[in-house]
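There are 2 protein chains.
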Amino acid sequence: MKESKNQIDILLVGTGAVGSYFGGKLAQTTARVSALCRSDFDVVKSKGIKIESYKGDFDFKPAETVNNAQDYTGQPDYIMVCLKALPEVNLAEIIRPVMGADTAIVLVQNGIEIEAGIAKAFPKNEIISAIAFIAVSRIELGVARHTGSGMINLGNYPNGISPKTKKLADLFTEAEVPCKTFENIAASRWRKMIWNASFNPISVLGGGADSKQMVETPESVKLVRDIMNEVAAIAKSTGNEVPEEEIEKAITGNRKMRPFKTSMLVDYEAGRPMEIDAILGNAITIAKKNGIPTPYMESLYSLLKLHEVTQLS
Amino acid sequence: MKESKNQIDILLVGTGAVGSYFGGKLAQTTARVSALCRSDFDVVKSKGIKIESYKGDFDFKPAETVNNAQDYTGQPDYIMVCLKALPEVNLAEIIRPVMGADTAIVLVQNGIEIEAGIAKAFPKNEIISAIAFIAVSRIELGVARHTGSGMINLGNYPNGISPKTKKLADLFTEAEVPCKTFENIAASRWRKMIWNASFNPISVLGGGADSKQMVETPESVKLVRDIMNEVAAIAKSTGNEVPEEEIEKAITGNRKMRPFKTSMLVDYEAGRPMEIDAILGNAITIAKKNGIPTPYMESLYSLLKLHEVTQLS
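Chains A and B, in that order, give the protein sequences. Going by the working numbering, the letters in the first sequence line up with residues 545 to 857, in that order. Going by the working numbering, the letters in the second sequence line up with residues 545 to 857, in that order.
One should not assume that every hint holds.
Identical chains blur together in the list; that is why a pair holds if it fits in one copy or across any two.
[What the hints assert, rightly or not] Taking lysine to aspartate or glutamate and the EDC-like style, the derived pairs with C-alpha atoms no more than 16 Å apart in a straight line are:
hint: 1; residue 1: Lys-591; residue 2: Glu-852
hint: 2; residue 1: Lys-605; residue 2: Glu-789
hint: 3; residue 1: Lys-724; residue 2: Asp-603
hint: 4; residue 1: Lys-833; residue 2: Glu-718
hint: 5; residue 1: Lys-711; residue 2: Glu-760
hint: 6; residue 1: Lys-805; residue 2: Asp-754
hint: 7; residue 1: Lys-756; residue 2: Glu-852
hint: 8; residue 1: Lys-832; residue 2: Glu-763
hint: 9; residue 1: Lys-800; residue 2: Glu-684
Worth flagging that the hints you see were computed from the coordinates, not collected in a lab.
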């Protein structure tokens with residue numbers, strides 16, 4: 545039996561840009577927030593993380609900084625995962641040493657069907673699916689720059705809103721992070737996919753296009769819209785309607801915002817693996833099962849998979 | 545009235561890799577072959593062109609080397625155009641100064657519907673449409689390297705085989721260049737499009753994929769086949785059937801050949817404009833007119849057009 549405790553214990557896994565921001569925000573509340581780092585372990589351990597935010601800079605000094613879960617001395621109520629959703633990352637293996645009976649796994653990740661694997665690995669633990677809306681990038685190890693938005697949506701996987709999810713939402717609210725909870729978080733995930741499945745791949749495949757360039761030429765806008773329509777059709781086939789105006793809103797949104805690089809483009813330019821399956825592959829698989837044609841998404845998917853080959857050569 | 549003459553006069557326009565090879569071959573016959581050069585004028589004027597061929601090296605010393613048509617002293621029976629088919633190249637303007645009543649224009653160019661513009665500019669002159677099958681690249685100004693094949697197909701635009709076309713075919717044969725003539729050259733052009741419309745764009749958009757990498761991963765082979773099927777459907781809608789086995793032959797062919805870079809990839813890597821419309825845009829326009837869906841080709845077209853934007857930024 546673990547001792548009862550009042551303070552909520554959160555272990556952040558992954559201190560990239562998104563993890564640094566939301567972890568740093570939660571650390572300003574009554575919660576105890578620690579960090580499991582990889583490449584940035586030394587920097588974070590010695591100096592913590594600096595977040596340069598357009599809403600005001602702040603520092604994030606984790607309660608504990610570890611580079612593997614075995615070293616963690618706390619008992620996490622939440623493990624908040626802010627790693628990219630990549631097939632080569634064995635998340636279950638990373639977090640297994642600190643998993644308790646009551647530990648909830650919070651997945652702050654892009655894409656679709658990214659929860660299934662971890663839910664299967666820990667069938668008795670709560671999975672909280674989280675979708676972040678934020679423009680933030682890591683400019684060097686230990687420093688993140690936050691330039692826009694900063695909201696988060698929560699809901700249990702596959703559905704529902706548990707007391708633990710409500711409590712986490714309260715913490716985000718305490719941290720002044722706009723946070724909504726959803727009975728059906730998948731619908732929110734599909735809505736974000738409208739943006740992710742189009743702009744992320746096109747930015748890479750269009751030769752390093754920024755968010756504005758992709759909505760400038762008629763050919764590119766056509767492709768963006770074709771992809772978004774396919775995503776909406778797949779979402780609908782799973783019972784999650786994406787309102788049609790979301791498509792125009794996404795395009796207009798990019799026109800209005802200051803140009804920025806998508807996360808996939810940032811990964812690509814850094815020679816890091818891209819979230820090809822989370823952002824395209826899984827959705828195409830669902831489309832196939834449900835009989836939805838997706839030639840535009842498949843074209844981008846094939847080209848990105850070819851990049852995996854040419855990146856190595 | 546120009547004097548009657550026995551020697552056939554050919555003015556080659558464009559001494560890139562393809563022009564160097566076929567021009568150089570024709571120069572070994574009884575014909576008088578001259579060259580209109582651009583970036584390589586100084587080199588070709590002083591040293592001629594060296595062709596390093598897997599079938600034996602040879603030199604091409606043009607009878608006249610000029611850098612604009614006004615300077616040309618001959619009266620060309622044939623103007624053989626080996627320039628890329630790009631919208632920004634005003635071919636009519638380049639060759640107008642040397643066009644005679646009997647001058648035939650030979651277009652050795654990739655793509656579809658590339659003859660229409662020049663046929664309109666010179667409605668009384670013969671247009672000979674030529675399709676080259678050759679692996680050749682310019683390794684420096686004045687030096688071309690020939691690594692595979694070396695055939696050429698000829699036919700009049702829009703159709704037929706004129707005496708002038710026959711005579712040119714005889715010259716190629718004299719030069720030991722395998723040459724066939726076609727009553728309906730468009731069919732041959734569509735056959736080559738199977739290869740061009742797929743491998744050229746995919747090589748660029750796949751991150752610089754060589755001919756072999758494109759037929760290695762299942763995703764890439766799928767995309768190649770999807771594009772080829774679309775091209776075949778468009779061809780069919782214009783009355784030009786492409787035999788189905790051509791598709792498998794093209795894929796198998798790439799698997800067997802030594803890996804090489806497509807011409808579009810070579811252009812892209814050199815920062816030169818790509819033949820996007822000749823190779824994709826024109827065919828998509830025909831598809832639209834004939835009610836053929838082309839989502840895969842449109843995806844690649846949109847991405848290549850976006851490259852035109854990002855290449856400049």
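Structure-based check of all given hints:
Neither within a single protomer nor between protomers do Lys-591 and Glu-852 lie at most 16 Å apart by alpha-carbon distance, with minima of 35 Å and 44 Å respectively. Taking CA atoms no more than 16 Å apart as the test, Lys-605 paired with Glu-789 passes in neither setting, with 41 Å inside one copy and 65 Å between copies. Taking the closest pair of Cα atoms, Lys-724 and Asp-603 never come within 16 Å of each other, the shortest separation being 25 Å inside a single copy and 74 Å across copies. Taking CA atoms no more than 16 Å apart as the test, Lys-833 paired with Glu-718 passes in neither setting, with 42 Å inside one copy and 59 Å between copies.
For a Cα distance limit of 16 Å, the shortest separation of Lys-711 from Glu-760 qualifies neither inside one copy, at 43 Å, nor across copies, at 50 Å. Taking CA atoms no more than 16 Å apart as the test, Lys-805 paired with Asp-754 passes inside one copy only; the shortest distance there is 5 Å, against 27 Å between copies. Taking CA atoms no more than 16 Å apart as the test, Lys-756 paired with Glu-852 passes between copies only; the shortest distance there is 14 Å, against 26 Å inside one copy. When the C-alpha separation of Lys-832 and Glu-763 is checked against a cutoff of 16 Å, the pair qualifies only between copies, where the shortest distance is 15 Å, while the shortest distance within a copy is 26 Å.
Taking the closest pair of Cα atoms, Lys-800 and Glu-684 never come within 16 Å of each other, the shortest separation being 27 Å inside a single copy and 46 Å across copies.
Checked against the numbered hints above, the structure violates hints 1, 2, 3, 4, 5, 9; every other hint is satisfied.
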